[in-house]
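Here are the chains, one letter per residue:
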Amino acid sequence: MLLNFDRLGGWKWILIGITGLTAAFLILPIVFIAALSFGSSQWLIFPPPAWTLKWYEAFFADPRWLEAAGTSFSIAAMVTVLSVLIGLVASFGLVRGRFIGKEGLRALFLTPMILPVVVLAVALYAFFLRIGLNGTVTGFVIAHLVVALPFSILSITNALEGFDKSIEDAAVLCGASPLEAKLRITLPSISHGLFSAAVFSFLTSWDEVVLAIFMASPTLQTLPVKIWSTLRQDLTPVIAAASTLLIVVTIALMLLVALLRKGLKS
Amino acid sequence: MALLTEQDNITAVGKIRTVRSRNFALTVPALLLLVVFFILPVVALLLRSVMEPELGLDNYRALLGSTTYLKIFLNTFSVSALVTVVTLAIGFPVAWALAIMPSRWASIVFAILLLSMWTNLLTRTYAWMVLLQRTGVINKTLMGLGLISEPLPLVNNLVGVTIGMTYIMLPFIILPLYGVIRKIDPAILQAAALCGATRWQALTRILIPLATPGMVSGALMVFVMSLGYFVTPALLGGTANMMLAELIAQFVQSLVNWGMGGAAALVLLVVTLTLYAVQLRLFGTARMEGR
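Chains as they are written, first to last, in my numbering: chain A, 14 to 279; chain B, 25 to 315.
What the hints contain is simulated information worked out from the structure, not anything from laboratory work.
Remember, predicted model here, so these are calculated numbers, not experimental data.
One thing to keep in mind: the hints can contain errors.
Unchecked claim - Covered, in the sense of this in silico footprint (three residues per stretch, anywhere, with C-beta under 8 Å from a C-beta of chain A), are these stretches of chain B:
#1 138-145
#2 168-174
#3 224-238
We treat Cβ as the ideally placed atom computed from N, Cα and C, and that holds for glycine.
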C-alpha cells in the first residue's frame, strides 16, 4: 500500500509535490547563478535587462582569478597523486596485513572525515606558523592531503576487499614476482577504486575552503579563497561567472564518472 | 610456461608469506602524515587552551562563564537542531517517494541531488546570498505577487542560515534514508492493509517506526556536521547569530588569542566526538564530513 506507487491514492500527489518542490529547490540556485553570469546587471537583477559575456571577459582578463584557478588546479593535482599513492599503499596494509590494532588504525585513518575542519585548520595554522609553511604550496598540499586521504583509503580498501587475493597468489605461483603480480594483476582489477579515490581526492582539494582560508597568503591563494575574499566585499557577477565555470567542471567530472561506471558494467 | 618444480612452489609460497608479515610497514606513510600533521597539531592546540596565557583552566572559566559565549553555544545548538528538523521533515517524504517512484523519474531526482552535492560549497552559498538579498529574485517575486510590500530580511539572519544549511544537508539525509526505506518489505504494509489498517495507521505504526533507525542516524549526522560548519553561517548568518566554528576562527585570526581558540575548539571536539560515539554505538557505522 504505502510502498506501492500506484496504490497510494491521493497521497501519491502529495509525495510527488514535495519531491518536485525539493528537486526545484536543489536545482534552482545552480540554474540562477548560471543564468545571472550572462546577465548584464551589476546588481544581479533577474530577469537580466540584457545578456552579455562581460563577466567572463572580466574573469579571464584578471590575472588574479586565473592565477588562483591555476594554483587550485596544481594543488589539487598534487594532492590527488599523493593521496592515491599513500592511500593505495596503506590500503594494502589494512586489507592484507595481520597485525594488532589493525581495526583501530583503520578507524584512525578515517577520523579527519569526522573532525570539524575548522579545528584542523586552526591547529595546522598554528603548527605551520612555527615551521614556516603558511602561504606555501607545500602547506596547502599537506593540509588538503590530510582531509583527502580518508576518501582514498575508503575507496581503495573497498575495492581491494572485493578482489580475490588468490588470483594474485596464482600469478606468483606461476612465477611472477610479488610486485609484478600486484602491478599487472591486482592494480588493473581495482582500477575503479583507484579512479574514485582520485576523483574524490581531486574534488576535496579543489573545493576546499576552510583550510585554504587559513593557509592562504596575499600572494598565494586558491580559487575558493579568491571567491571567499571577493564575496566578503560584494556579490559581483564575476563570481557568478567563476561559479558557472566551477559548475561546468563538476558536471564534466560527474559525466566522466557515470560513463566509466557504465563502461565497467558492460 | 614450463611446469614448476616442487622447490619453486615452496619459494613462491614463502614469498607470499613474507609479504604478509611486512604489511604493517605499508601503513606507515599514511600514519606518519596523520600523526605529524593531524594528531600532534590538534593536541598542541588543545594544550594551549590550558597553558596560555598561564597554566590553568582560566580560558574555560572565561568561555563557559560569559553570557556572550554561552549565547553562541546556544545559537550553534539551536541552528543545528532547527536545520536537522527541517531536513528530516523534507527528507523523509522525498526519500519515501524516491524509493517507490518509477525509476526513470527517480534517476532525474538523483542526478539533481548529486549535482547539488558536488557543486562547490561557496558557489551554493553565493547563490543563496544572491537569491535572498533585498533586491533578489525571491523578494522581487513575492512583491510582484503582492504578498509583501517591503522586502523581507532573508540574509544575515537565522532565516538565511537555515535555508543555506538545509540546502547543503538535504542530500545527507535523503540518500541514507532512501536506502533504509528501499529495504522495507512492501508485504508488511500489504498485510497491514489486509488487516484493515488505514493509510494513516500504516504510516504512523509501520512505515515511520521501521524507518526510525535511518532517520535517527541521518539526523545525528546532519546535526554533528552542522555544529562545526563555518562557511555558510559566516556568509549567510548575521553577527547576531554567530556559530561556534566562527568563534574559533575569530579567536585565532582577529584576536590572536590561542588559549581561548583552543578552549573553544576543545568544546566543539568533545561534543562532536561524543555524538559520533553515540552514532557508532547505535548503528555500528558512521560516515560524516564536516566543513
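Each hint, compared with the structure:
Residues of the region 138-145 of chain B with a Cβ under 8 Å from some Cβ of chain A number 7, which satisfies the need for three, so the listed coverage holds. For the region 168-174 of chain B, the stated coverage by chain A is violated: 0 residues have a C-beta nearer than 8 Å to a C-beta of that chain, whereas at least 3 were required. With a cut-off of 8 Å between beta carbons, the region 224-238 of chain B has 4 residues touching chain A; three or more are needed, and the interface restraint holds.
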